[in-house]
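Peer 1: Chains as they are written, first to last, in the working numbering: chain A, 1 to 405; chain B, 1 to 405.
Heads up, none of these hints are tricks.
To spell it out: a stretch of chain A is covered by chain B in this simulated footprint if at least three of its residues, at any positions, have a beta carbon under 8 Å from a beta carbon of chain B; those stretches are: (1) 44-57; (2) 64-78.
Pulled a few chain B residues facing chain A out of the computed Cβ check, cut under 7 Å: (3) 61; (4) 62; (5) 76; (6) 83; (7) 86; (8) 143.
The hints are simulated quantities; they were obtained by calculation from the structure and are not laboratory data. C-beta atoms are modelled at their ideal positions from N, C-alpha and C, and glycine is treated no differently.
2 protein chains.
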Amino acid sequence: MALIVQKYGGTSVGTPERIRNVAARILETQRAGNGVVVVVSAMSGVTDSLIKLAREVSERPPEREMDVLLATGEQTTIALAAMAIDALGGRAKSLTGAQAGIVTNRVHTRAKISNITPGEIHRHLDDGNVVIVAGFQGQTREGQITTLGRGGSDLTAIAIASAIGADICQIYTDVEGVFTCDPRIVPTARKLDEICYDEMLEMASSGSKVMQSRSVEFAKKFGVRFEVRSSFNNQPGTIVKEETKNMEDVVIRGVSVEKNQAKVTIEGVPDRPGVASRVFNTIADANLVIDVIVQNVSKSGLTDISFTLHNDDVARAREALEPVLSEIGAEGMKALTGVAKLSVVGIGMRSHGGVAAKLFDCLSRGGINIQMISTSEIKIAVILEEARIVEAANLAHETFGLAGG
Amino acid sequence: MALIVQKYGGTSVGTPERIRNVAARILETQRAGNGVVVVVSAMSGVTDSLIKLAREVSERPPEREMDVLLATGEQTTIALAAMAIDALGGRAKSLTGAQAGIVTNRVHTRAKISNITPGEIHRHLDDGNVVIVAGFQGQTREGQITTLGRGGSDLTAIAIASAIGADICQIYTDVEGVFTCDPRIVPTARKLDEICYDEMLEMASSGSKVMQSRSVEFAKKFGVRFEVRSSFNNQPGTIVKEETKNMEDVVIRGVSVEKNQAKVTIEGVPDRPGVASRVFNTIADANLVIDVIVQNVSKSGLTDISFTLHNDDVARAREALEPVLSEIGAEGMKALTGVAKLSVVGIGMRSHGGVAAKLFDCLSRGGINIQMISTSEIKIAVILEEARIVEAANLAHETFGLAGG
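Let the sequences and hints guide you as you build the complete structure.
Peer 2: Printed below as a string of structure tokens:
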């Protein structure tokens, strides 16, 4: 008998009919002789409705009360899922985050899980029940309701899998797994059978948003092997796991694309200590998320600092940086919108040389100009004109032999 | 400084706008120098929607899961009410039934409160907060979510008022208080300033459904003085309290009416021990609620047993009793529908004679025939033809001098 954690997102449990379908799948898994713990999200649309309701009574709802409100979304789903299993002749017990023993810190709306005491989960499992746990929520040591923020239900599933020593954690989504590239961009993209945590993290931070990075980081930290798969069919998905020797044989695991980027350049900055720090602290204070940073030191003693961020944030970045320009003695600032990021990711590049050269070469042959370059140990990212990104992704996908067959 | 518990029902918190109005009233009470604990119901319509959702996944949802589901209704309201108070510049903290320390027995969907540990309520009050508690819900000693059944939020309010030693418990409703009779039936009916628990109980069991009897019984048991008043204006309501000497000066406190009744008679039953027991056990086993019972012993050794019940239950009563008739040697059974019950209630009748005679006399003068009579120490109830009930209520109301002026 295996111990399996299954997580179903909001789309998978979006209607009573889908909840019944999910219940059938859960029972099938249990009747095959497995212990099953299920983590569910709020039905799709419910969280948004609750947020709307909150805004109708308060412009800035207190975060403590926001958590009390939002937690009802998942609580509704656990009850309905348990009812649906019961209606099919199975046995199920629902548990809120608090009841499941999920203890978090006190940071409302984006709490971190401190620990899980899975006594109630084990008790109901031992009685032959499917245990249905509300994702996205927990409670503080003092008994206050908290929520975990974006991607919280995935995190709940992985944390529970770790706490109960599950054999596998299945993350059911509306995609079939992790692909070598987004199939809407590269038609020959194929589903990966496996990927290691670090590759998954680089793919996630490069635009392949199957899961939030924090859940993958948590899984990596506690060695939780999980599978991303579709709730709409029975195909195996992608296993995300610790890296094994033979995984390095594949040089590049995937190509990912992030559109709607902009490149901001602060020009002619005197090359002295403290300038970059002043620039990026200003950006951090404005709560802007930036991505690739490049600084070129020039012989003249002046330098350009460039960074990328989301298109929508350009105006806020300008506003925040404008007052700093004269202070740091910069000559000016310019923003280039309509750029995109292409990343190639793979742990194999640690032991295989020439990956960067091969990427630059294929783009050059395609006549595609590279605006910026950024690399990590297992990723090479380039900033390109957005109009050429589809072409670039297909070239890279082909160059690194990622298409099936 | 007084300690006040306020309870707002589903209609009073039925929309975001109404929640904001309720928040303003709560803050007004607090700013007048009082400590305020508020108990709220689910927004009107929410509980019904949740029940509908449950039926869409299961024909017979398990009661444990029904409680997990329904508890989200009040949890939503507490969060929104706390947000609305915050938006008006006040301070509020919401508590679920479990967080408020409400411990119940294990009977899901109709749990009884075992005790309340109001530590969290006091802690938040001491910090200067309005404390908003979810009505209708609690948890078992083992941490399972329970609900209290119909009228559960009133019960929560009264039980909390008792547990924290509140000075007064205000039950806000969509009526202005307890009236001498339903004003839709008797236009001269007036609001009572006060009524004692026993009168309130007899009124409630006689069709004046301002509150469920169990909440009044609880209040009586623990001596909790409460006020029934309207959430739509600032008029004082009706104080429900222990009986005082001068309350007996009023012979009749009110007249109440219950329509849609039926009278079932089992005819020609041999007058021997065990027959009534057999009949009424059969009815109890069929989960039928009956009201007035009359048995006349005749000289022939045969007797008729009559009882009243709701019109809608006549078919089920027939079905349950049919097989028993021959066993007890009855001659037959007949049902008379279209009857109604008129009750006159008042603790004054204990010390004032002739009340029954006065009632029968006024009905007789009106040419209204009495089908059955039932009395308690402080109530006289008669069963009449439903077509005459409005006339009868007005006659009784006038005869006992209940109209104002």
